[in-house]
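Asker: Top line first, the protein sequences correspond to chains A and B. Residue numbers for the first sequence follow the numbering used here, so the first one is 1 and each next one is one higher. Residue numbers for the second sequence follow the numbering used here, so the first one is 91 and each next one is one higher.
Among these hints, one or two may not hold up.
Partial pick of chain B residues on the chain A-facing surface, computed with a CB cut under 7 Å [as the list claims (entries may be wrong)]: (1) Leu239; (2) Ser244; (3) Trp248; (4) Glu253.
No wet-lab data here; the hints were simulated from the structure. Idealized CB from N, CA, C, for every residue including glycine.
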Amino acid sequence: MAFKIGERVRTRAQVADGHTRLPAYLQRRPGVVASLLGEFPFADKRASGLDAPKERLYTVRFAACEVWSGAPDGDTIAADLFEAYLEPAS
Amino acid sequence: MSAHGHAHVDNAAISNRVKMLVARLERAALTSEAELDELIELFLRSARKENGYRAVARAWLDSGYKARLLADASAALAEIGIDLSHWSPVKLRVVENTEETHNIIVCTLCSCYPIALLGPSPKWYKSEAYRARVVRDPRSVLAEFGVTLPPERSIAVWDSTAEARYMVLPQRPPNTNDLEETALASLVTRDGLIGAALV
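Please build the complete structure, drawing on both the sequences and the hints.
Answerer: Shown next, in the form of C-alpha cells:
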C-alpha cells in the first residue's frame with residue numbers, strides 16, 4: 001500500500017525479530033508522511049541475507065510530544081521508514 | 091550482537107573479523123590490498139567538510155542555488171563540482187534553519203553521517219549519550235554545545251535511519267553582506283552543519 005504525502009500514519013511494532021531500521025522509540029506512534037525518498041531494498045530482510053525486494057521509503061515526521069510526553073509543542077522528529085513499518089492512522 | 095543492537099559491539103572483535111575477511115578475499119584473488127587502499131583513498135579524498143562549507147556559502151549568496159540544494163542536494167552539489175555518484179543510491183538531503191525552526195541530525199540506530207559533505211564524524215556524534223539524548227531532549231543537548239535558542243523556536247530532529255543522509259543549512263550570520271563566497275565558507279563549522287552550532 002502506498003501512502004500519500006501528508007497522510008497520517010501510525011508506525012507498527014517491530015515487524016520481525018532481528019535487524020530493523022524502525023527505532024524502538026518510534027514504534028506505535030502517530031506521524032505524517034513528509035516525503036517519498038524512493039524505493040530501496042528492505043533493510044530488515046537484507047540484513048538477514050534474504051532476498052530483499054525493494055520497498056518504498058518515506059520520511060515520516062512525528063510531533064515530539066507524541067513520542068515523549070511533555071516535549072514542547074512544535075518540536076518534531078523525522079525518520080526514514082520503510083512502508084512495511086507503517087499503517088494508516090485509524 | 092547483543093540484545094541492545096550495535097551499542098555494545100567490541101571494536102577489536104570487529105576489526106579482527108574484517109582483517110580475516112580481507113585475508114580470505116585476498117587469498118581467493120577477489121581483491122588486493124592495493125585495490126582496497128585505492129578505493130578507500132578515492133572515497134576519503136573527496137569526503138571533506140569543505141564540501142559542505144562551499145555549498146552553504148553558495149546557498150547564502152544565491153537563493154536559486156539554495157532552492158535547488160534543498161530540493162535535490164545531490165544534483166545541486168554536482169553543479170559546484172562535488173561529485174557524489176560513488177555514493178549512489180544514498181540520498182543526501184539538506185534541511186534549512188530558519189527563524190521558526192532549528193534542525194539537528196542524529197543516527198539513533200548506529201552512526202550514519204554525510205561523510206561526503208562533512209568528512210569523518212566527530213566522536214561525540216557516535217556516542218550513545220548524544221544519540222539517545224538528542225531525540226529526547228534536544229534543547230539540553232544544544233545548551234551543552236553552548237547553543238541557546240529562543241523558546242519559541244521549534245526544533246526538528248532528523249534521525250538518519252535508512253538511505254538518506256542529512257546536512258543542516260545554517261542561517262547566514264548577521265553583518266556578512268559584504269563577504270564573498272570564500273570568506274562566507276570560512277565562517278561555517280562542522281558542528282553547524284550537524285545542527286550542534288548556529289553556524
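Asker: Checking each numbered hint in turn, tell me which of them this model violates, lowest number first.
Answerer: 1
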